[in-house]
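Top to bottom, those sequences are chains A and B. Take the first sequence: its letters are residues 1 to 142, numbered as in my numbering. Take the second sequence: its letters are residues 1 to 92, numbered as in my numbering.
In case anyone wonders, no lab produced these hints; they're calculated from the structure. For each residue, glycine too, the CB sits at the ideal point set by N, CA and C. Errors might be hidden in some of the hints.
Said to hold, decoys possible - Pairwise CB distance ranges, derived in the manner of DEER restraints: (1) B:P77 to A:D35: 30 to 40 Å; (2) A:A66 to B:S25: 43 to 53 Å; (3) B:E80 to A:A85: 33 to 43 Å; (4) B:E70 to A:Q64: 37 to 47 Å; (5) B:R72 to A:A92: 33 to 43 Å.
To be verified - Here are some of the chain B residues that sit facing chain A, going by a computed Cβ distance under 8 Å: (6) T17; (7) A22; (8) R26; (9) V47; (10) F65; (11) G66; (12) I67; (13) L87; (14) V88.
What the hints assert, rightly or not - Which chain B residues stay away from chain A? Per the calculated CB distances, all over 12 Å, these: (15) H10; (16) G15; (17) G53; (18) P77; (19) S83; (20) V91.
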Amino acid sequence: MPYNPALVAPMREEMTRMGARELTTAADVDGALGDQRGTMLVFVNSVCGCAAGNARPALKLALQHAVRPSQVVTVFAGQDLDATARARQYFADYQPSSPSMALLRDGEVVHFVHRHQIEGRAPQAVAADLMAAFDRHCAATV
Amino acid sequence: MTGHVFHPGHQELHGVTVVLEARGSRTYVGRFDNQDERGVHLHDVGVHDAASGSREDFLQRCDRFGIRPEHRDLLVPASEVVSIQRLVDAVR
Numbered sequence: 001m002p003y004n005p006a007l008v009a010p011m012r013e014e015m016t017r018m019g020a021r022e023l024t025t026a027a028d029v030d031g032a033l034g035d036q037r038g039t040m041l042v043f044v045n046s047v048c049g050c051a052a053g054n055a056r057p058a059l060k061l062a063l064q065h066a067v068r069p070s071q072v073v074t075v076f077a078g079q080d081l082d083a084t085a086r087a088r089q090y091f092a093d094y095q096p097s098s099p100s101m102a103l104l105r106d107g108e109v110v111h112f113v114h115r116h117q118i119e120g121r122a123p124q125a126v127a128a129d130l131m132a133a134f135d136r137h138c139a140a141t142v
Numbered sequence: 001m002t003g004h005v006f007h008p009g010h011q012e013l014h015g016v017t018v019v020l021e022a023r024g025s026r027t028y029v030g031r032f033d034n035q036d037e038r039g040v041h042l043h044d045v046g047v048h049d050a051a052s053g054s055r056e057d058f059l060q061r062c063d064r065f066g067i068r069p070e071h072r073d074l075l076v077p078a079s080e081v082v083s084i085q086r087l088v089d090a091v092r
């Protein structure tokens with residue numbers, strides 16, 4: 001059962017303040033991820049303090065990097081159930097976990113960060129991994 | 001909401017994905033809940049049996065593609081627990 005919306009509102013705002021676009025319906029997800037071109041990071045948000053409390057600040061830090069995905073979108077696991085389920089269909093090779101992050105390039109998952117790769121790590125460490133992935137997959141090709 | 005925790009006061013590994021090596025041939029990978037006199041309580045648990053192939057390959061798959069849960073909740077009896085470590089440390 002989803003948490004009280006008022007309780008999770010700050011977690012949503014933390015994402016939108018860093019420039020992520022919220023996808024709250026399956027149609028939103030299809031609109032963003034269907035026929036996706038360029039680079040896009042999909043952040044699966046979560047109320048879990050064990051990992052999400054570090055994942056959001058990590059992404060915020062990583063998005064200050066010179067090289068970054070052209071779009072950042074977010075779905076909220078346990079809150080926007082249809083949107084999250086639909087988003088996960090776009091990276092179905094990966095088992096669901098939240099929080100998690102999928103970096104897509106032209107519709108293909110090129111990098112995935114699972115919950116277990118966030119747990120117990122400082123935001124700076126997670127951000128460093130993300131920035132390395134951005135350098136590898138989001139840099140303009142000549 | 002940085003650092004916001006909904007479940008403070010738990011054991012250090014609470015919420016962390018761990019590899020639990022059990023006596024016999026089984027290895028469990030799942031989210032640690034707690035440990036008490038009965039054993040270790042895990043959630044969303046994947047299971048590897050030595051008869052089904054390489055344990056290392058199984059752990060590498062878990063790391064790359066995530067854990068395919070066979071049990072939503074599992075209690076591994078205390079008498080069967082050999083070791084517990086974080087998945088990220090096990091595959092390092």
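Enumerated hints in conflict with the structure, sorted upward: Those not satisfied are hints 1, 5, 7, 8, 9, 15, 16, 20.
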